[in-house]
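Given the coordinates of chain A, assemble chain B onto it according to the supplied hints.
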Amino acid sequence: SQTIHQWPATLVQPVGSPLSLECTVEGTSNPNLYWYRQAAGRGLQLLFYSVGIGQISSEVPQNLSASRPQDRQFILSSKKLLLSDSGFYLCAWSRQTLGYTFGSGTRLTVV
Amino acid sequence: GENVEQHPSTLSVQEGDSAVIKCTYSDSASNYFPWYKQELGKRPQLIIDIRSNVGEKKDQRIAVTLNKTAKHFSLHITETQPEDSAVYFCAASASGGSYIPTFGRGTSLIVHP
Chain A
841 SQTIHQWPAT
851 LVQPVGSPLS
861 LECTVEGTSN
871 PNLYWYRQAA
881 GRGLQLLFYS
891 VGIGQISSEV
901 PQNLSASRPQ
911 DRQFILSSKK
921 LLLSDSGFYL
931 CAWSRQTLGY
941 TFGSGTRLTV
951 V
Chain B
808 GENVEQHPST
818 LSVQEGDSAV
828 IKCTYSDSAS
838 NYFPWYKQEL
848 GKRPQLIIDI
858 RSNVGEKKDQ
868 RIAVTLNKTA
878 KHFSLHITET
888 QPEDSAVYFC
898 AASASGGSYI
908 PTFGRGTSLI
918 VHP
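For the record, the sequence lines run as chains A and B. Positions 841 to 951 (the working numbering) are the ones given, in order, by the first sequence. Positions 808 to 920 (the working numbering) are the ones given, in order, by the second sequence.
The shape of chain A in the complex, shown without the other chains:
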């Protein structure tokens, strides 16, 4: 069966520090991978998606970047965090005929 791992679960970082969140998927090949941010409230904001190794599409201009160095690995990064980067970050994967499966999320607080 397929599983998705996301870490860390919580993170407190100072303004201006770098960020690296990692997501890996097991039990499937060539998944579509996504990063979402959920600010206080409920909405799911799509940040990046990837349909293959090295292929990254960005949905919104921002302080963040994403990379997919391996088929089942998706990384969200920042060189310098802003206060506004705080939120709940969710990784997800899908195949064409299946719904999303979300990772357990990372709660990031920038102080």
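Among these hints, one or two may not hold up.
[Claimed, not checked] Here are the computed lysine-lysine pairs in the DSS-like style, where the Cα-Cα straight-line distance is at most 30 Å: (1) K875/B <-> K864/B; (2) K829/B <-> K849/B; (3) K920/A <-> K849/B; (4) K919/A <-> K849/B.
Simulated from the structure, these hints should not be mistaken for laboratory data. This structure is a prediction, so every number in the text was calculated from the model and none was measured.
Same frame as chain A, now just chain B:
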């Protein structure tokens, strides 16, 4: 692109009552409609989905209906329980391509004991 509207934003019911959440979509090419439940501080989880070749699907106390002509679909929860309290998201997408669902803004369901 696709636009998904979800109503209501908040729904408060008494335990045992039914709850209905409605979504509309704009892209007639959309053919897959999942619903997600997100409990406080946790990840959204798929609870039920429906494809465009089906008008209704039921799983115990949860059902989803789809009206392709009117471009709307609804989530029905019967005999609500306090553990049904969560935020519910609808989504619409078309199979193929990069498969990016468009999510509704969410409905906060509160079930009072």
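For K829/B and K849/B, compute the direct alpha-carbon distance and say whether it is at most 30 Å. holds, 23 Å
Take the C-alpha atoms of K875/B and K864/B, compute the straight-line distance between them, and say whether it is at most 30 Å. holds, 14 Å
Could you grab the alpha-carbon distance between K920/A and K849/B and see if it respects the 30 Å cut-off? holds, 27 Å
Tell me if the straight-line CA distance from K919/A to K849/B falls inside 30 Å. Holds - the C-alpha atoms of K849/B and K919/A are around 27 Å apart, at most 30 Å.
Hint violations for this structure: none, all hints satisfied.
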